[in-house]
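Engineer: Residue strings, one per chain:
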Amino acid sequence: MSSLTFIYAFLMYAATVIMVTGVAFKIYTYSRTPAPLKIPTTPAPTTQSGVVFRIVREVVLFESLFKANKWIWIFGWLFHFGLLLVLLRHLRYFTEPVWSWVVLIQPFGMYAGFAMVAGLGGLWARRILVDRIRYISTPSDHLMLLLLILIGISGLTMKFVAHTDIVAVKQFILGLMYFDIQPMPADPILLIHLGLVSFLMIIFPISKLLHAPGLFFSPSRNQVDNSRDKRHLAPWAAELEK
Amino acid sequence: MAVAEFEVPKVQPYPLVDIPKIKPDATVHLKSFPASEKIQEGIGFPGPLVDNWHKVAIDKMGDLLNRYRSLAVYMDACVHCGACTDKCHYFLGTADPKNMPVARQELMRKVYRRYFTFAGKYFPKLVGAADLTEDVLNDWYSYFYQCSECRRCSVYCPYGIDTAEVTMAAREIMDAVGMGQKYTNEILGKLHRIGNNLGLPGPALLDTLEGLEEDILEDTGVAVKMPIDVKGAEVLLITPSADFFSEPHVESLIGYAKVFHEAGISWTLSSLASEAGNFGLFIGSYENMRRAAMRIREAALELGVKRIVVGECGHAWRVAYSFWNTLTGVGHGGEDEFTRALQAQLDPRYPAPQHICEMTLDLINQGVLKFDKEKNDHRTITFHDSCNVARGSRMGNMPGGQFVIPREIIKAVANNFHDMADETIGEGTFCCGGGGGILTDDLMEVRVKGAMPRMQALQCVVDEHQVNFMAAICAICKAQFSKVLPYYKFDMSMIGGVHQLVSTSIRLSEKK
Ligand code: SF4
Ligand code: SF4
Chain A
1 MSSLTFIYAF LMYAATVIMV TGVAFKIYTY SRTPAPLKIP TTPAPTTQSG
51 VVFRIVREVV LFESLFKANK WIWIFGWLFH FGLLLVLLRH LRYFTEPVWS
101 WVVLIQPFGM YAGFAMVAGL GGLWARRILV DRIRYISTPS DHLMLLLLIL
151 IGISGLTMKF VAHTDIVAVK QFILGLMYFD IQPMPADPIL LIHLGLVSFL
201 MIIFPISKLL HAPGLFFSPS RNQVDNSRDK RHLAPWAAEL EK
Chain B
1 MAVAEFEVPK VQPYPLVDIP KIKPDATVHL KSFPASEKIQ EGIGFPGPLV
51 DNWHKVAIDK MGDLLNRYRS LAVYMDACVH CGACTDKCHY FLGTADPKNM
101 PVARQELMRK VYRRYFTFAG KYFPKLVGAA DLTEDVLNDW YSYFYQCSEC
151 RRCSVYCPYG IDTAEVTMAA REIMDAVGMG QKYTNEILGK LHRIGNNLGL
201 PGPALLDTLE GLEEDILEDT GVAVKMPIDV KGAEVLLITP SADFFSEPHV
251 ESLIGYAKVF HEAGISWTLS SLASEAGNFG LFIGSYENMR RAAMRIREAA
301 LELGVKRIVV GECGHAWRVA YSFWNTLTGV GHGGEDEFTR ALQAQLDPRY
351 PAPQHICEMT LDLINQGVLK FDKEKNDHRT ITFHDSCNVA RGSRMGNMPG
401 GQFVIPREII KAVANNFHDM ADETIGEGTF CCGGGGGILT DDLMEVRVKG
451 AMPRMQALQC VVDEHQVNFM AAICAICKAQ FSKVLPYYKF DMSMIGGVHQ
501 LVSTSIRLSE KK
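Order-wise, the sequence lines are chains A and B.
The UniProt record's numbering numbers the first residue of the first sequence as 1 and each following residue consecutively.
The UniProt record's numbering numbers the first residue of the second sequence as 1 and each following residue consecutively.
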């Protein structure tokens, strides 16, 4: 095994483990932390299915953001849905034979890459041009955007400018999945792309990327508005009753 | 008291086109009076600043992070998207960037990152983490007491991050180290000691109520009762103590009494629980909130009432609707021993607690109450949704009932009604500027500037529809607007209660 293959195989495994365990740990912490009071924000659903529907709308449509600011909504939505399509398209590197719906979305996935980068560019422009948003931005906010844009651009470059040997890439990835390590193609853009992706996965559990699980645990969004009909007692609060 | 000079913000035509350019530190100097040691001790906190405050503060923060999922999630989830930056009335009115909800949260979040996260421990500059210094603590005292906990920002945040929760946590931490706010904590102490925010003892209440009965008799020729401490009454009314003494609040109290009279429902106030407002909410202290709410449970058991109805107050209604069941078992569905006695006593046909507006509208719909609507014809009315009703609670049995019910009442008792602009009412309502512990003279500048967005929307209906009365269902809104309206060249008597309107046009009969 070449040292390049060794380094990348190690990196990808490490990144996966760190991301999965880190996020799982965070989710565990959130779910273990009690929510002592009912604090759903209006318009709060009165049933559990209403809550599910509300969260789905937040996840799919970014409903609250839409109410708040159309520019952030447009760029944010473009970016996230571009990213989603791109990720789904990448499934073809992980499946053999490739699932037919993954084949079907290939062309969309390619252009979604541009949408993703455009959305990120828009968000970054706001961060720089709008004084309020410039004020609240930390260096890591800028770096995160840079990181995602570089990932997008390096990916697009491999598709549209300097083609990479995707057959070899796929072999490498399938090899990782089945613990039968195959050689890593030494294409510099590919190396950058995968390196950045691994880095992103590693910082996921210690960065603002935690907004992804956070959305599902936000009491103002995930609680049922039924406080008059059901007593809601957290364990530490129940202690006070004794 | 000498009032400091400050510029009253310009009211621009609606819709708001200009989001102000940020002016860093524009209001950093505005601090409410600190609580004395005695005040702090009255509610179970030390004062003044304890010696090992740094350790106490960080420990307390850790404790709260373990106790409140909201805080734990909100500290991590913000992406600095900026969607909330122009949603706070205090930012719109003062242009101080730390009044942007995300920046307000960031005051705590940078400390959280520093002491509780990997990135903040090892790369503080990169992620914007900072030590908890005395300067930071002073910033907290400025800006966490320039938040009315109105939750408007939470409606617009993609993750529902609720700055009010962060503000409450910050205030609880400050209280824990001995840095309390005089206004809120003194009132809370009075509530614990005497039973209401104004510190009115039982005999004073009795006196006032008798005086009011005489007034009504003189006005209407009908003997309407204002009973207190009556055992076996059907309804226990819990209302903000401002209703007993302040204008225009008392007009609504008279309105409630007339409704009970006309509907023939026996009711009573309680000298033990003569306060609906619960300032424990403002400082995020579960224990204080619970202690304050306990009086209501005790009064209900002692008087043997079948229903509990809450008067016009926003924060009171939020605590009553959302928290009473949790805190004290006033509500349904409790399976513990603690709540069974109360549930056995309360009439299951009615929600517990019930809002006075829910009760009145029910009676109107049943045809029990009759009105001479033209008696309100000298008024052209608009309705101000109070934050904690609009965003923290509900009425009736459908989502959004809290928006519909008060408006239905107004339309049933008066002829002229016009809503303010859509984005400024309902769930997007703008705070009066005085909620959440800000209603103190030492913060007058904050209050006046924070009221600007509401004044702007009001100006618009005044110009377009000649509105001359703004109805509200919150004691704080009423007190705040009475003070602030004149700064914007409105008449202070423009503000009043929904039941004030009911009181004006209700047809009273002798009997009952
Ligand atoms: S809760 Fe209200 S006052 Fe506090 S930051 Fe949010 S919008 Fe401003
Ligand atoms: S809207 Fe929410 S996520 Fe966006 S900056 Fe404000 S608090 Fe943070």
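Everything labelled a hint here was simulated from the structure, so no lab data went into it.
Please read all numbers here as calculations on a predicted model, not as lab measurements.
Heads up, the beta-carbon is just placed ideally off N, CA and C, and yes, glycines get one too.
Any given hint might turn out to be false.
Said to hold, decoys possible - Under the rule of at most 25 Å between Cα atoms (straight-line distance), these lysine-lysine pairs were calculated in the DSS-like manner:
no., chain 1, residue 1, chain 2, residue 2
1, A, K70, B, K306
2, B, K31, B, K125
3, A, K26, B, K411
4, A, K230, A, K242
5, B, K10, B, K31
6, B, K10, B, K489
7, B, K31, B, K231
8, B, K110, B, K225
9, B, K125, B, K182
10, B, K225, B, K370
11, B, K55, B, K21
12, B, K60, A, K230
13, B, K21, B, K121
14, B, K10, B, K306
15, B, K23, A, K242
16, B, K306, A, K26
17, A, K67, B, K411
18, B, K483, B, K31
19, B, K121, A, K26
20, B, K23, B, K55
21, B, K38, B, K231
22, B, K23, B, K110
23, B, K60, A, K26
24, B, K231, B, K306
To be verified - Which bits of chain A does chain B cover? Going by a derived footprint, with three or more residues having C-beta under 8 Å, they are:
no., region
25, 7-16
26, 41-48
27, 88-97
28, 110-117
29, 148-156
30, 161-172
31, 219-225
Claimed, not checked - To give a feel for the contact side, a few chain B residues facing chain A, derived at Cβ under 10 Å:
no., residue
32, D18
33, K21
34, V28
35, K31
36, V79
37, A83
38, P97
39, R114
40, R151
Engineer: Apply the coverage criterion to the region 7-16 of chain A and chain B: a residue qualifies when its Cβ sits closer than 8 Å to a Cβ of the chain, and three qualifying residues are needed.
Structural biologist: It is violated, with 0 qualifying residues against the three required.
Engineer: Assess, step by step, whether the Cα of K67(A) is no farther than 25 Å from the Cα of K411(B), and give holds or violated.
Structural biologist: 29 Å, violated
Engineer: For K483(B) and K31(B), compute the direct alpha-carbon distance and say whether it is at most 25 Å.
Structural biologist: 19 Å, holds
Engineer: Taking 10 Å as the limit, does the beta-carbon of A83(B) come near enough to a beta-carbon in chain A?
Structural biologist: OK, holds: A83(B) within 10 Å of chain A, min 4 Å.
Engineer: Is the hinted pair K110(B) and K225(B) satisfied, with a Cα-Cα distance of at most 25 Å?
Structural biologist: 56 Å, violated
Engineer: Hey, K23(B) versus K110(B), does the alpha-carbon distance stay inside 25 Å?
Structural biologist: Within the cut-off at roughly 21 Å; holds.
Engineer: Has the region 88-97 of chain A got at least three residues whose CB is nearer than 8 Å to a CB belonging to chain B?
Structural biologist: Three-residue rule not met by the region 88-97 of chain A, so violated; n is 0.
Engineer: For a C-alpha distance cap of 25 Å, please report whether K38(B) and K231(B) respect it.
Structural biologist: 36 Å, violated
Engineer: Hey, does the P97(B) contact hint survive, CB to chain A under 10 Å?
Structural biologist: 5 Å, holds
Engineer: Check whether the Cα positions of K121(B) and K26(A) lie no farther apart than 25 Å.
Structural biologist: Given that 25 Å is the threshold and the Cα spacing comes to 17 Å, the pair holds.
Engineer: Hint validation: V28(B) versus chain A, beta carbon distance must be below 10 Å. Holds or violated?
Structural biologist: V28(B) check fails; min Cβ-Cβ to chain A is 15 Å, beyond 10 Å.
Engineer: Given the hint that K26(A) pairs with K411(B), test it: the Cα-Cα distance must not exceed 25 Å.
Structural biologist: 50 Å, violated
The structure shown violates the earlier hints numbered 1, 2, 3, 7, 8, 9, 11, 12, 13, 14, 15, 16, 17, 20, 21, 25, 27, 28, 29, 30, 32, 34, 35 and 39.
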